[in-house]
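K.L.:
Taken in sequence, the protein lines are chains D and X. When you line the first sequence up against this note's numbering, it's residues 1 to 233, in that order. When you line the second sequence up against this note's numbering, it's residues 1 to 402, in that order.
Some clues are possibly wrong.
Selected chain X positions facing chain D (in silico; Cβ < 7 Å) [to be verified]:
id	residue
1	255
2	311
3	315
4	373
Derived from the structure by calculation, the hints contain no laboratory data. Predicted model only: the values in this text are computed from it and were never measured. Even glycine gets a Cβ: it sits at the ideal position worked out from N, Cα and C.
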Amino acid sequence: MALIELAAIERRFQLGDTTVNALAGLNLHIAAGEYVAVMGPSGSGKSTLLNLLGLLDRPDAGTYRLEGRDVTTLSPDEQAAVRSQRIGFVFQSFHLVPRLTAAENIALPMMLAGLAPAERTQRVNQALKDFGLDHRADHKPDQLSGGQRQRVAIARATIMQPPLILADEPTGNLDRHTGEDVVDLLETLNSRGVTLIVVTHDPGLGARARRQLVMEDGRLKHDSLASRQTACG
Amino acid sequence: MRLIDTLRFARDAATGYPVRTTLSVLAMSIGVAAVVILTALGDGARRYVVGQFSSIGTNLVIVLPGRSGTGGFNPANAITSTPRDLTVDDAAALKRAPAVHRLAPLAVGTSEISYGGRLREIMVAGSTRDFVAIRNFDLLQGDALPDEDWNRGSPVALIGAKIRSEMFGNAPALGRLIRVGDRRLRIIGILKPTGQGLGMNTDELVIVPVSVAQSLFNSNTLFRILVEARSREAIPQARDEVLAILKQRHRGEEDVTVITQDAVLATFDKLLGALTLAVAGIAAISLAVAGILVMNVMLVAVTQRTGEIGLLKALGAPARTIRLAFLSEAAMLSSVGALLGYLLGQGGAFAIRQAFPVFPAYPPDWAVIAALLTALSTGLLFGVMPARRAAQLDPVLALMKH
Ligand SMILES: Nc1ncnc2c1ncn2[C@@H]1O[C@H](COP(=O)(O)OP(=O)(O)OP(=O)(O)O)[C@@H](O)[C@H]1O
Ligand SMILES: [Mg+2]
Chain D
1 MALIELAAIE RRFQLGDTTV NALAGLNLHI AAGEYVAVMG PSGSGKSTLL
51 NLLGLLDRPD AGTYRLEGRD VTTLSPDEQA AVRSQRIGFV FQSFHLVPRL
101 TAAENIALPM MLAGLAPAER TQRVNQALKD FGLDHRADHK PDQLSGGQRQ
151 RVAIARATIM QPPLILADEP TGNLDRHTGE DVVDLLETLN SRGVTLIVVT
201 HDPGLGARAR RQLVMEDGRL KHDSLASRQT ACG
Chain X
1 MRLIDTLRFA RDAATGYPVR TTLSVLAMSI GVAAVVILTA LGDGARRYVV
51 GQFSSIGTNL VIVLPGRSGT GGFNPANAIT STPRDLTVDD AAALKRAPAV
101 HRLAPLAVGT SEISYGGRLR EIMVAGSTRD FVAIRNFDLL QGDALPDEDW
151 NRGSPVALIG AKIRSEMFGN APALGRLIRV GDRRLRIIGI LKPTGQGLGM
201 NTDELVIVPV SVAQSLFNSN TLFRILVEAR SREAIPQARD EVLAILKQRH
251 RGEEDVTVIT QDAVLATFDK LLGALTLAVA GIAAISLAVA GILVMNVMLV
301 AVTQRTGEIG LLKALGAPAR TIRLAFLSEA AMLSSVGALL GYLLGQGGAF
351 AIRQAFPVFP AYPPDWAVIA ALLTALSTGL LFGVMPARRA AQLDPVLALM
401 KH
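If we strip away everything but chain D, and leave its shape as in the complex, we get (with noise of 0.2 Å):
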């Protein structure tokens, strides 16, 4: 059964007398595990997506399932406990919480979920360790540099131990030699498991990605997956 199925999904948004078809038409499968990188043009729907995969947004048609449920019919909070549970987020521009120290930061979905402190430091602990951020545990994010940073925001979409991990360009904001430790970082994750979706504009970095999606006015131009099983046809 595949991780993520969408069908026939549309996302339009109206900007003055136009329409925008930031998605049309959009069939996809995604198994349990896979690297897939969402490439494309500036405009083409990459973050419209993402969004949508992220249960962030809602489509204006089509179906989305995950975990083999249908998620677009969800409530609100309903689609507020999905995310929690199943769903971890990083984006270009890291989105830490200024007043609050990277633990704290790190912590935060485990407290928004309610889980009990005693398990929320050691869950912490263990990220700090893993995450080599063992000595900026008390550090606010301005105290951070961005690979740091992007690592706060990393251990943090990992903290509740979700089976999908979506990221919006996570490297925008880096330099490319912060940039490629930020996706061995992304990587490890995917090889334990993850299922992890980036989105990217840099063609190097999207090659490493065993599956590729490029995007074109809302639409999937390519599919590396497809296009390798009408190749072996």
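Fit chain X with the ligands to the known structure of chain D by using the hints.
P.N.:
Just chain X with the ligands, lined up with the frame of chain D:
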């Protein structure tokens, strides 16, 4: 999210923006402090006046010459001229009223006192033995006027504390002969110093038998008759009996005014109570203003933290959690403000009491409770709208801002 986490999160959010937090806490605290201090002043005035009025005696029924239109308390009665006089015999006749415990006729005028070449102007009160007891005057030395025929008083006097010290210095005064007007009187008692009050200041008063006073003033009328009823419950009965007896003695004409201390007290109590309430209401407006300020601050907070709200949603926070977080923050701002205001207000009231020891500036409990409740409820009420706005933000749009 656990409650304790919600509270901690709200607290950190509030302390994360010190300027706006300080401002709204300050506004709230000024509102509460204003209510506490102003009602302390209002209620202090009420207590002061009531206290002073109570100190002039207990269960008093006061007879004034002349008729008042309403029969109730009318301050104008205190200064109207006398159409028909009250006499010592009128007063003596009241002794037979069953509800009357004791009474004292009172004639008042000014005269001069001299002793050892020293001379000064004084107030003279002519009355009888029970006057001192009815008016709750305390004696420093000696005794009250002798119990004797009201129409033939002995040549004796009680003097106030200030007269004593001015005329005699440190020398003993009791038993000395003084001259008051053209009379030589022996000092048989000295009054305790009273200081300034609503009641009569006795420090510059000389009390003599009523017949002595009348001959000094060359008149046979009375200024007042002070009647003490047997009990609080007997006050209306005493009033009726006094009126009936005097009416009978004045050929069926009701030409006196009888006021009861109760009625006067109740009037002042009501008047000053209403004043306190009005002052509290005005101060409460500042509380509402503070509530609106908290709302503004919270709306700004929602705008400032839009990105954070989007993030919380992305991390799986349901609308309720976000609503609660912002509501807790508003509640914290207003409750800290209320608490601070309460302390400020009590401190202010304390300072007033220190500066004016005779003035009982205690804020009434109802005002304190109402102020705190109003502060908390306006804070919460005005916190609801921003909290809902935060909870309803579209996560995608919210995440695009930061
Ligand atoms: N909230 C919105 N309101 C109106 N139009 C929107 C909105 N969000 C996206 N769009 C439009 O939808 C289209 C797809 O946008 P999207 O952000 O998905 O592009 P993208 O591929 O992520 O681009 P980029 O590489 O620049 O991030 C664009 O034309 C954009 O203008
Ligand atoms: Mg984008």
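K.L.:
Go through the numbered hints given earlier and state which of them the structure violates, listing their numbers in rising order.
P.N.:
The structure conflicts with hints 1 and 4, although it agrees with all the remaining ones.
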